[in-house]
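There are 2 protein chains.
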Amino acid sequence: MTDTDNVIFVGKKPAMSYVLACVTQFNEGNSNIILRARGRAISHAVDVAEIVKNKFVVDTEVKGVNIGTEEVTGDQGEKLNVSSIEIILGKK
Amino acid sequence: MTDTDNVIFVGKKPAMSYVLACVTQFNEGNSNIILRARGRAISHAVDVAEIVKNKFVVDTEVKGVNIGTEEVTGDQGEKLNVSSIEIILGKK
Numbered sequence: 116m117t118d119t120d121n122v123i124f125v126g127k128k129p130a131m132s133y134v135l136a137c138v139t140q141f142n143e144g145n146s147n148i149i150l151r152a153r154g155r156a157i158s159h160a161v162d163v164a165e166i167v168k169n170k171f172v173v174d175t176e177v178k179g180v181n182i183g184t185e186e187v188t189g190d191q192g193e194k195l196n197v198s199s200i201e202i203i204l205g206k207k
Numbered sequence: 116m117t118d119t120d121n122v123i124f125v126g127k128k129p130a131m132s133y134v135l136a137c138v139t140q141f142n143e144g145n146s147n148i149i150l151r152a153r154g155r156a157i158s159h160a161v162d163v164a165e166i167v168k169n170k171f172v173v174d175t176e177v178k179g180v181n182i183g184t185e186e187v188t189g190d191q192g193e194k195l196n197v198s199s200i201e202i203i204l205g206k207k
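Just so you know, the protein sequences line up as chains A and B, in that order. Per this note's numbering, residue 116 is the first one in the first sequence, and the count goes up by one each step. Per this note's numbering, residue 116 is the first one in the second sequence, and the count goes up by one each step.
A portion of the hints provided could be inaccurate.
The list treats identical chains as interchangeable, and a pair is accepted whether it falls inside one copy or across any two copies.
With a straight-line Cα cutoff of 30 Å, these simulated DSSO-like cross-link-like pairs (lysine-lysine) come out [what the hints assert, rightly or not]:
1. K170 with K194
2. K128 with K194
3. K178 with K194
4. K194 with K207
5. K207 with K178
6. K170 with K207
7. K194 with K127
Since the hints were derived computationally from the structure, they do not count as laboratory data. Nothing here was measured: the structure is a model prediction, and the numbers come from that model.
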């Protein structure tokens with residue numbers, strides 16, 4: 116879980132951009148992919164994981180899901196807490 | 116995990132409504148609470164779990180997180196897939 120090459124940060128792009136990134140990583144021989152997202156993108160990361168698993172790389176499964184809180188600095192330099200998620204997708 | 120009394124469905128209300136529901140359930144003696152959400156409310160459910168754990172009931176931890184897909188029927192009777200999440204919060 117320490118190999119940062121396998122991490123895909125999910126943000127505001129369409130879900131299919133991240134699905135494509137996942138499929139590419141699996142095709143390159145990676146056996147695990149970590150999807151990371153913060154704030155509202157969390158729902159989006161779950162969508163991406165489900166689409167990859169159900170439609171594109173059917174021999175994958177969700178190996179684990181972690182949630183947490185990260186501190187970010189806002190526009191006026193204030194500290195904000197945002198929720199984060201980490202979804203580990205791997206070959207069965 | 117089969118006792119439905121412990122399930123809290125997270126939707127569009129403010130996060131603190133659900134936080135209060137969790138705190139109440141723990142105070143009533145429940146040792147586990149399951150937060151469930153679908154679609155965009157998924158991010159909201161993660162926020163609720165993190166707020167409960169970090170600010171209100173500090174002897175709780177996330178025991179598990181499951182993600183999945185549910186089929187719902189849209190306005191015109193069409194079938195839609197929505198992502199779902201289940202967060203199990205429990206006493207340490």
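Taking the hints in turn, this is what the structure says about them:
1. For a Cα distance limit of 30 Å, the shortest separation of K170 from K194 across copies, 16 Å, qualifies, whereas the shortest one inside one copy, 39 Å, does not.
2. In this assembly of identical chains, the alpha carbons of K128 and K194 lie at most 30 Å apart whether taken from the same copy (26 Å) or from different copies (24 Å).
3. For the identical chains of this complex, K178 and K194 are inter-copy neighbours only, at 28 Å across copies versus 32 Å inside a copy, given an alpha-carbon limit of 30 Å.
4. Within a single copy, K194 and K207 get their C-alpha atoms only as close as 40 Å, which misses the 30 Å cut-off; across copies the closest is 28 Å, which meets it.
5. When the C-alpha separation of K207 and K178 is checked against a cutoff of 30 Å, the pair qualifies both within a copy, at 9 Å, and between copies, at 23 Å.
6. When the C-alpha separation of K170 and K207 is checked against a cutoff of 30 Å, the pair qualifies only within one copy, where the shortest distance is 15 Å, while the shortest distance between copies is 37 Å.
7. Within a single copy, K194 and K127 get their C-alpha atoms as close as 22 Å, and across copies as close as 25 Å, so both meet the 30 Å cut-off.
Hint compliance for this structure: every hint is met.
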